[in-house]
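K.L.:
All chains should be built: construct the whole structure from the sequences, respecting the hints.
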Amino acid sequence: MVPVLNAFGTHCAVFGNHDFDFGLEVLSERVADTNFPWLMSNVIDNETGRPLGDGKINSCYRMGWKKE
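Under the numbering used here, think of the first position of the sequence shown as 1063, with each following residue one higher.
It cannot be assumed that every hint is accurate.
[Stated by the list, open to error] Taking CB as the label site, the calculated pair distances span:
#1 His-1080 with Asp-1107: 11 to 21 angstroms
#2 Asp-1083 with Arg-1124: 16 to 26 angstroms
#3 Phe-1084 with Arg-1124: 31 to 41 angstroms
#4 Asn-1079 with Lys-1118: 15 to 25 angstroms
#5 Asn-1120 with Leu-1067: 12 to 22 angstroms
#6 Thr-1072 with Ser-1103: 14 to 24 angstroms
#7 Leu-1067 with Val-1105: 17 to 27 angstroms
Rather than coming from a laboratory, the hints here were simulated on the basis of the structure. Heads up, the beta-carbon is just placed ideally off N, CA and C, and yes, glycines get one too.
P.N.:
This is the structure we're talking about:
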C-alpha cells in the first residue's frame, strides 16, 4: 500500500485504528517508507513522550491559494 500512497501524491495522512494492527515496530517501518507526514496528536508513547508511530503533532500546507 505504501508505494500506491507515495505514487498517488498524498500530502498528509492520519493514523486509523487498523494502522496499529501489526504493532508499533511495523507501523514505524511503514511510516518511514512514505514520502509524506503522518499526523498523531492524541496518543502519546509512554516511554518516549512522543506521538505513536513517529507522527507529527501538526502540519501546515498552502495549496492552490491565490491572492487577488
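K.L.:
Against this structure, judge whether each hint is valid.
P.N.:
Structure-based check of all given hints:
Between His-1080 and Asp-1107, the C-beta spacing of about 19 angstroms keeps the proposed range 11 to 21 angstroms intact. At roughly 34 angstroms, the beta carbons of Asp-1083 and Arg-1124 sit outside the given window of 16 to 26 angstroms. At about 34 angstroms, the CB distance of Phe-1084 to Arg-1124 agrees with the hint of 31 to 41 angstroms. Look at Asn-1079 against Lys-1118: about 19 angstroms separates their beta carbons, and that is inside 15 to 25 angstroms.
The hint said 12 to 22 angstroms for the Cβ distance between Asn-1120 and Leu-1067, and at roughly 20 angstroms that hint holds. Taken as a hint, the range 14 to 24 angstroms holds for the pair Thr-1072 and Ser-1103, whose Cβ atoms sit roughly 18 angstroms apart. Evaluation of the 17 to 27 angstroms hint for Leu-1067 and Val-1105 yields a pass: the beta carbon distance comes to about 21 angstroms.
This entry does not satisfy hint 2, going by the numbered hints stated previously; all others are met.
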